[in-house]
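Asker: Please arrange chain R with the ligands on chain L, whose structure you already have, making use of the hints.
Protein chains: 2
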Amino acid sequence: SNSDEDIQAQVAKAVEGVKELQESAASFISKTSTDEQALRQRSQSLDSSIRLLRSQLYSLLSSKALDPKLAEKLEEDLQRATCVLADGDAASFLPGKAQGGRFLRMFLGPITVRSSSKDIQLKVKEEYNAYRDRTALLFLLFPATLLILRSWLWDGCLPTFPVQAYQAWLLFLYTGLALRENILRVNGSDIRPWWIYHHYCAMFMALVSLTWEIKGQPDCSQKQRGVQLFLQWAMMQGVAMLLQNRYQRQRLYTRIALGKAKRMDVVWGETAGVDGQLWLLCPILFILQGFEAYVGLQLLKTALVGVASEWQVSFCGVLLVLMAVGNFVNTVQTLMVKSRF
Amino acid sequence: SNSDEDIQAQVAKAVEGVKELQESAASFISKTSTDEQALRQRSQSLDSSIRLLRSQLYSLLSSKALDPKLAEKLEEDLQRATCVLADGDAASFLPGKAQGGRFLRMFLGPITVRSSSKDIQLKVKEEYNAYRDRTALLFLLFPATLLILRSWLWDGCLPTFPVQAYQAWLLFLYTGLALRENILRVNGSDIRPWWIYHHYCAMFMALVSLTWEIKGQPDCSQKQRGVQLFLQWAMMQGVAMLLQNRYQRQRLYTRIALGKAKRMDVVWGETAGVDGQLWLLCPILFILQGFEAYVGLQLLKTALVGVASEWQVSFCGVLLVLMAVGNFVNTVQTLMVKSRF
Ligand SMILES: CC(C)(COP(=O)(O)OP(=O)(O)OC[C@H]1O[C@@H](n2cnc3c(N)ncnc32)[C@H](O)[C@@H]1OP(=O)(O)O)[C@@H](O)C(=O)NCCC(=O)NCCS
Ligand SMILES: CC(C)(COP(=O)(O)OP(=O)(O)OC[C@H]1O[C@@H](n2cnc3c(N)ncnc32)[C@H](O)[C@@H]1OP(=O)(O)O)[C@@H](O)C(=O)NCCC(=O)NCCS
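In the order they appear, the protein sequences are chains L and R.
Residue 56 is where the first sequence starts when you use the numbering used here, and the numbers rise one by one after that.
Residue 56 is where the second sequence starts when you use the numbering used here, and the numbers rise one by one after that.
Bear in mind the hints are in silico, worked out from the structure with no lab data behind them.
It is possible that some hints are incorrect.
Claimed, not checked - Reference listing, derived: stretches of chain R covered by chain L, where coverage requires no fewer than 3 residues with Cβ under 8 Å from a Cβ of chain L: (1) 84–91; (2) 106–114; (3) 117–130; (4) 141–150; (5) 228–237.
To be verified - Chain L regions said to be covered by chain R (calculated; three or more residues, Cβ under 8 Å): (6) 81–94; (7) 113–123; (8) 385–393.
Please read these numbers as outputs of a predicted model, since none were measured by experiment.
Every residue gets a Cβ at the ideal spot worked out from N, C-alpha and C, and that includes glycine.
Extracted from the complex, chain L is given alone in its bound form (with noise of 0.2 Å):
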């Protein structure tokens, strides 16, 4: 019949287009991975020659075998090809950075995370900031509004499920944070390793605050010590995070208008005016974490006098301690990385 016919044809040209659709996908598969693959060895044996260019760029100039004006120059040329390697759209092809991806690997499994569109490692990094901004205001408030009821509320008394929700909820914070800044890395980010594992330590923290028990009545003010001083650091990190978004965000918009690549930045000094900012920056950042190490060395002495003695309170305190510590160390490095130039 007619309607037979009709649909007989209407499957046969479905079953003919499913054909013809898969012959194109595993072409276009093909051929992109053959591509990839071009582009990927391009990118490494340019960024290797120039590599190379510079060390035999810095050993003429120490022989003096070479016009200063010259080096000078080439140098200059040297380095903007670098920023077009690393941020232009040849930046996808270059290996990336660090298997550091054991923790993500942890908990993602062998799935890849970079992406190749410079689109979306922009939205990525917009995203993070984003939620560092959304969450940052969370940490300053929800402690305070903690330690305030306790003041005027509970007589001095934390309750335990209100405290036990945040500890839980800075778990998950810093679990995200660490993945996310894990993935920045593997597309591209210059993140200093020392970030993330700070990130790994807070996770530890908030673990390991979970599994301490949070005393009652009578006396809980003394029992009480170790988590109110817990709370006060957290909420002296919600003031650094506050402080660090508004000035990573400025440098990342600065960038992104002057639709300029990161290491450019370097050469024609042109975020002078966000690094004139990390200056005022810095002092806070010092104050806070010169604050960190003295929740820690309060911890330490908490726990050593047996006011509140459980293996959680000196552990959080030496994790807080080393945290001051390294972030101290990292931010007087990158000090002095900016600097340098």
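Answerer: Here is chain R with the ligands on its own, set in the frame of chain L:
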């Protein structure tokens, strides 16, 4: 001088090379994304036209306007086309399943975890199975050791630290499983949403159990009843996981060995051997699910009688009963879907 010119030429060549590379990379990226877009459109339109044809076929058949023999043949053609579309190379251009990525988004931000290469998708799946194998054993041994040491060495009293270490491990394990399963889903797995929700519940339970105080002597075997039940549930999970892994690994191998697409199984009934196993596995699963509900009810009873009346105990009880019911319903539904063919 000679070396001057030489290095100048080399630098110029590198700069030129970078410029060319940047251009090729840019054109490659834009071409790839255009092609991808086109393939995506073709797959989507074919997918919807197949859907349409299938519903036309049914309505023609039910109004007796079509020869049943012909209808059956056409239906089979369409089924085959669906398989090719869903499991061939075009599959990666069909829209991803579910924005179900809320969980992924929360932890990872807006990064793409969809892989367009079938090989990587299969690798991810195999690694997921290997991960579950590795953990299932620990799942069994860790709580078993704790329970054995309790009666042999610890005089009926579980010490706090190892139990909490175990609970923390569970939390990270379940978070990892939930993340991986979400990634599998985005990559085209047909995993039922419930199995993922189940892991969210388990995450919650591990988190809550961490905050639950493990009381010591005297009378600890009474006070620790909740913890004991929790450990028993965990062991049972280990057994369920081991059995399920065995079955699922065989299922995957059968599929890989046959080089056939998954929806094809259903049509040609090629996994009959494995599906036979399913009928063996399910009674055991049902028993385990019954035990899960029993543990949940015991926890609730413990909480109500007032032996261990922390909110954590009732909360875990309710969660366990919900999980048992959900598991049961979903296992039955899976069986029903499978037996329809
Ligand atoms: C010192 C500091 C302001 C320098 O920031 P910066 O100028 O962005 O530093 P760099 O130029 O070395 O940054 C390199 C990359 O790492 C990132 N980064 C730097 N510090 C980071 C941090 N603490 N967390 C996450 N990412 C960071 C930057 O965004 C940049 O990423 P990109 O390559 O993708 O653009 C910053 O590291 C900081 O705030 N550190 C102190 C943190 C701290 O001590 N907190 C706790 C207080 S108790
Ligand atoms: C019933 C059961 C054996 C069916 O397994 P199955 O035959 O693979 O089921 P389906 O055919 O519906 O599987 C579809 C997909 O979901 C996956 N899947 C099914 N159940 C899963 C589970 N519990 N966890 C993770 N993935 C699962 C399969 O691997 C398959 O993936 P694919 O599309 O990528 O190949 C399985 O769901 C199961 O073991 N459930 C019981 C779990 C349980 O109750 N545990 C706790 C006991 S207290």
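Asker: A separate judgement is required for each hint: does it hold in the structure or not?
Answerer: Here is how each hint holds up against the structure:
1. 84–91: holds (count 5)
2. 106–114: Coverage by chain L holds for the segment 106–114 of chain R (3 residues, Cβ < 8 Å).
3. 117–130: Holds, because 5 residues of the segment 117–130 of chain R bring their Cβ atoms closer than 8 Å to Cβ atoms of chain L.
4. 141–150: Holds, because 5 residues of the segment 141–150 of chain R bring their Cβ atoms closer than 8 Å to Cβ atoms of chain L.
5. 228–237: holds (count 4)
6. 81–94: Result for this restraint: holds, n = 8.
7. 113–123: Since three or more residues must qualify, the claim that chain R covers the segment 113–123 of chain L holds, with 4 doing so at under 8 Å.
8. 385–393: violated (count 0)
The earlier numbered hint that this structure contradicts is number 8, and it is the only one.
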